[in-house]
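Peer 1: Residue numbers (my numbering), protein chains in the order written: chain S, 18 to 105; chain C, 18 to 105; chain R, 55 to 196; chain V, 55 to 196.
Fair warning: there could be bad hints in the mix.
[Claimed, not checked] Listed next, the stretches of chain V that the computed footprint assigns to chain S, with coverage defined by at least 3 CB atoms under 8 Å from CB atoms of chain S:
#: 1; segment: 66-76
#: 2; segment: 99-106
[To be verified] Simulated pairs of lysine-lysine, DSSO-like, Cα-Cα distance not exceeding 27 Å:
#: 3; chain 1: V; residue 1: Lys127; chain 2: V; residue 2: Lys61
#: 4; chain 1: R; residue 1: Lys118; chain 2: C; residue 2: Lys73
#: 5; chain 1: S; residue 1: Lys29; chain 2: S; residue 2: Lys69
#: 6; chain 1: C; residue 1: Lys29; chain 2: R; residue 2: Lys115
#: 7; chain 1: R; residue 1: Lys115; chain 2: C; residue 2: Lys76
#: 8; chain 1: S; residue 1: Lys46; chain 2: S; residue 2: Lys91
#: 9; chain 1: V; residue 1: Lys127; chain 2: V; residue 2: Lys69
#: 10; chain 1: S; residue 1: Lys76; chain 2: V; residue 2: Lys69
#: 11; chain 1: R; residue 1: Lys127; chain 2: C; residue 2: Lys91
#: 12; chain 1: S; residue 1: Lys29; chain 2: S; residue 2: Lys91
#: 13; chain 1: C; residue 1: Lys46; chain 2: C; residue 2: Lys35
#: 14; chain 1: C; residue 1: Lys73; chain 2: C; residue 2: Lys35
#: 15; chain 1: V; residue 1: Lys143; chain 2: R; residue 2: Lys69
#: 16; chain 1: R; residue 1: Lys127; chain 2: C; residue 2: Lys35
#: 17; chain 1: R; residue 1: Lys69; chain 2: C; residue 2: Lys76
#: 18; chain 1: V; residue 1: Lys61; chain 2: S; residue 2: Lys73
#: 19; chain 1: C; residue 1: Lys76; chain 2: R; residue 2: Lys111
#: 20; chain 1: S; residue 1: Lys73; chain 2: V; residue 2: Lys111
#: 21; chain 1: V; residue 1: Lys61; chain 2: S; residue 2: Lys91
#: 22; chain 1: R; residue 1: Lys143; chain 2: C; residue 2: Lys29
#: 23; chain 1: S; residue 1: Lys29; chain 2: V; residue 2: Lys69
#: 24; chain 1: S; residue 1: Lys35; chain 2: S; residue 2: Lys76
#: 25; chain 1: V; residue 1: Lys127; chain 2: S; residue 2: Lys29
#: 26; chain 1: S; residue 1: Lys91; chain 2: V; residue 2: Lys111
#: 27; chain 1: C; residue 1: Lys29; chain 2: R; residue 2: Lys111
#: 28; chain 1: R; residue 1: Lys127; chain 2: R; residue 2: Lys143
#: 29; chain 1: S; residue 1: Lys73; chain 2: S; residue 2: Lys29
#: 30; chain 1: V; residue 1: Lys115; chain 2: S; residue 2: Lys29
#: 31; chain 1: C; residue 1: Lys73; chain 2: R; residue 2: Lys69
#: 32; chain 1: R; residue 1: Lys118; chain 2: C; residue 2: Lys76
#: 33; chain 1: V; residue 1: Lys61; chain 2: S; residue 2: Lys29
#: 34; chain 1: C; residue 1: Lys19; chain 2: C; residue 2: Lys69
#: 35; chain 1: C; residue 1: Lys73; chain 2: R; residue 2: Lys115
#: 36; chain 1: V; residue 1: Lys61; chain 2: S; residue 2: Lys35
Hints were generated in silico from the structure; no laboratory data involved.
Idealized CB from N, CA, C, for every residue including glycine.
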Amino acid sequence: MKLSIEFYGRLKAQFSTKPLELNVAEPDKTDRNTIITIENIYLDLCQSYGCKSEIKIIKPILNDTFAEWNDPVKTNDVIGFFPPASGG
Amino acid sequence: MKLSIEFYGRLKAQFSTKPLELNVAEPDKTDRNTIITIENIYLDLCQSYGCKSEIKIIKPILNDTFAEWNDPVKTNDVIGFFPPASGG
Amino acid sequence: MFSLSEKDIDVIQLKQQVINPQSGGFVCFEGWVRNHNSAEGKTSQPVLELHYEAHPKLAEKVGKTIITDALQKFDINAACCCHRIGQLKVGDMAIWVGVSADHRQAAFQACEYILNQTKANVPIWKNEFYENGESGWVEANL
Amino acid sequence: MFSLSEKDIDVIQLKQQVINPQSGGFVCFEGWVRNHNSAEGKTSQPVLELHYEAHPKLAEKVGKTIITDALQKFDINAACCCHRIGQLKVGDMAIWVGVSADHRQAAFQACEYILNQTKANVPIWKNEFYENGESGWVEANL
């Protein structure tokens, strides 16, 4: 399945300034245990880019709404990662 | 001795809008106990005008500077009485 | 620093005195004449206008001390306070306090401090004139 | 209520949204781009300009929630917050928060609340550009 991954703030420097287009193997629909979550995607990215995972610090978003780490992803989803805000 | 007495804020309504000109008997200079203080003047005024004395609430001023209740007064002094501020 | 004004408070000019490039934060307070009085626990009366009387010499002296104290007490870069005196109508600005600082918390604290100290200690008194023709000197609202 | 602006923040227009005749007090905060960065415990670097990036849709959503919460939490009459995004220079205004209330204390508290909540929770990120040519995403300064 195709996924688009967006990084915000300092995560741009750590991962990628531009959105990443990923092609991830479809989960086996006959097996509930193969559901792919935002967390799976994120941890894979951390490993690829040699970044420490920050599950407790980063907020995931899914198609422009706040999401949970264990939300499943499906093809054509846009996944975003928000570091702590630093406006003001 | 001649004294001028000024009232501010709500004391204008309780005593006098315009400054009062008082003529007070000179203290006997041979007797220390006859010194006249701001407090003496104030308490006499309270009696004359039937006002409750508010020594702890009102601030006395003497010739445009903050004063103490037991400061002595002399002829031509200007004595003022400040109720609590209510600006802002 | 601290001033009394018999005319409309000139906010732009006051703000210029507080602004500076090292400051990251600016807090200001504006106090306006409301269309009703503030007496707590009493029936609120419609206010038409009010009169602020001051002892100008001591008001400026006490006001300057408050600003100086604030500059020592808080980590701020500049502070200014102006209080209107004379006749004011509903919607007129009665007081302006502005503070600049490197960081926001000090700016908020100092602004509130200057305002509270001014209300409590600067010799200025408020006389309200009501719709029913009456008037009344207002007690401090601290 | 809450807005993002790609241009200079229009303080006059924002203030109009907050002013009303029943309010006796108005508190506002302005955050400016300083000429040095804020990293505590690190050497302060001269800042030339900075860039605020936002997720506009979620920033406006979170911002509106903060204003709504403030109107419920505090005894205030109106509140408004505008955050600048895009490229800013030293001295530019990055954020404006304004609150009107019957009484001053609620206005101060609500203004600081909205500011702190915005800094902590609205998805906006600051990238500073330094005199030495380097740049750096800034961590939250809470």
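Peer 1: Now look at each hint and say whether the structure bears it out.
Peer 2: Each hint, compared with the structure:
1. Counting residues of the segment 66-76 of chain V whose CB falls under 8 Å from any CB of chain S gives 0; the rule of at least 3 is not met.
2. Here the segment 99-106 of chain V counts 1 residues with a CB under 8 Å from a CB of chain S, which misses the bar of 3, and the coverage is violated.
3. Only pairs whose Cα atoms come within 27 Å are accepted, and Lys127 (chain V) paired with Lys61 (chain V) is rejected, the gap being roughly 31 Å.
4. This hinted pair checks out: Lys118 (chain R) and Lys73 (chain C) have alpha carbons roughly 25 Å apart, not beyond 27 Å.
5. Of the supplied pair hints, the one linking Lys29 (chain S) and Lys69 (chain S) holds, its CA atoms being roughly 14 Å apart against a limit of 27 Å.
6. Between Lys29 (chain C) and Lys115 (chain R) the alpha-carbon distance is near 23 Å, which keeps this suggested pair within the 27 Å criterion.
7. Under the criterion of a C-alpha separation no larger than 27 Å, the hint pairing Lys115 (chain R) with Lys76 (chain C) is consistent with the structure, at around 15 Å.
8. Distance check on the hinted pair: Lys46 (chain S) and Lys91 (chain S) sit about 12 Å apart at the alpha-carbon level, within 27 Å; holds.
9. Proposed proximity of Lys127 (chain V) and Lys69 (chain V) is supported: the alpha carbons are some 21 Å apart, at most 27 Å.
10. With a C-alpha separation of about 33 Å, the suggested pairing of Lys76 (chain S) with Lys69 (chain V) is violated against the 27 Å cut-off.
11. Only pairs whose Cα atoms come within 27 Å are accepted, and Lys127 (chain R) paired with Lys91 (chain C) is rejected, the gap being roughly 40 Å.
12. The straight-line distance between the Cα atoms of Lys29 (chain S) and Lys91 (chain S) is roughly 23 Å, inside the 27 Å bound, and the hint therefore holds.
13. Distance hint between Lys46 (chain C) and Lys35 (chain C) is unfulfilled; the C-alpha atoms sit about 31 Å from each other, more than 27 Å.
14. Proposed proximity of Lys73 (chain C) and Lys35 (chain C) is supported: the alpha carbons are some 24 Å apart, at most 27 Å.
15. Restraint check for Lys143 (chain V) and Lys69 (chain R): the C-alpha separation of about 20 Å stays at or below 27 Å, so the hint holds.
16. Annotation: proposed proximity of Lys127 (chain R) to Lys35 (chain C) is violated, straight-line Cα distance about 40 Å (limit 27 Å).
17. Restraint check for Lys69 (chain R) and Lys76 (chain C): not satisfied, since their Cα atoms lie roughly 33 Å apart, outside the 27 Å limit.
18. The hinted pair formed by Lys61 (chain V) and Lys73 (chain S) fails the criterion: a straight-line CA distance of about 34 Å is larger than 27 Å.
19. Between the alpha carbons of Lys76 (chain C) and Lys111 (chain R) the distance comes to roughly 15 Å, so the proposed pair stays at or under 27 Å and holds.
20. For a cut-off of 27 Å, the pair hint linking Lys73 (chain S) to Lys111 (chain V) stands: about 23 Å separates their Cα positions.
21. A C-alpha spacing of about 38 Å is found between Lys61 (chain V) and Lys91 (chain S), which places the hinted pair above 27 Å, so the restraint is violated.
22. Our distance criterion of 27 Å between C-alpha atoms is met by Lys143 (chain R) and Lys29 (chain C), whose separation comes to about 22 Å.
23. With a C-alpha separation of about 35 Å, the suggested pair Lys29 (chain S) and Lys69 (chain V) falls outside the 27 Å cut-off, and the hint is violated.
24. Pair hint Lys35 (chain S) plus Lys76 (chain S) holds up; C-alpha atoms about 18 Å apart against a cutoff of 27 Å.
25. Note on Lys127 (chain V) and Lys29 (chain S): the hinted pairing is violated, with a Cα-Cα distance of about 36 Å set against a maximum of 27 Å.
26. Our distance criterion of 27 Å between C-alpha atoms is met by Lys91 (chain S) and Lys111 (chain V), whose separation comes to about 22 Å.
27. Restraint check for Lys29 (chain C) and Lys111 (chain R): the C-alpha separation of about 19 Å stays at or below 27 Å, so the hint holds.
28. For a cut-off of 27 Å, the pair hint linking Lys127 (chain R) to Lys143 (chain R) is broken: about 35 Å separates their Cα positions.
29. Note on Lys73 (chain S) and Lys29 (chain S): the hinted pairing holds, with a Cα-Cα distance of about 18 Å set against a maximum of 27 Å.
30. Taking the CA atoms of Lys115 (chain V) and Lys29 (chain S), the gap is near 23 Å; set against the 27 Å cutoff, the hint holds.
31. With a CA separation close to 38 Å, the supplied pair Lys73 (chain C) and Lys69 (chain R) exceeds the 27 Å bound.
32. Under the criterion of a C-alpha separation no larger than 27 Å, the hint pairing Lys118 (chain R) with Lys76 (chain C) is consistent with the structure, at around 19 Å.
33. A threshold of 27 Å between alpha carbons decides the hint, and for Lys61 (chain V) with Lys29 (chain S) the separation of about 24 Å falls inside it, so the pair holds.
34. Only pairs whose Cα atoms come within 27 Å are accepted, and Lys19 (chain C) paired with Lys69 (chain C) is accepted, the gap being roughly 25 Å.
35. Of the pairs offered as hints, the one joining Lys73 (chain C) and Lys115 (chain R) holds, with about 22 Å between alpha carbons and a cut-off of 27 Å not exceeded.
36. Between Lys61 (chain V) and Lys35 (chain S) the CA atoms are separated by roughly 24 Å; this keeps the pair inside 27 Å, and the hint holds.
Violated hints for the displayed structure, listed by number in ascending order: 1, 2, 3, 10, 11, 13, 16, 17, 18, 21, 23, 25, 28, 31.
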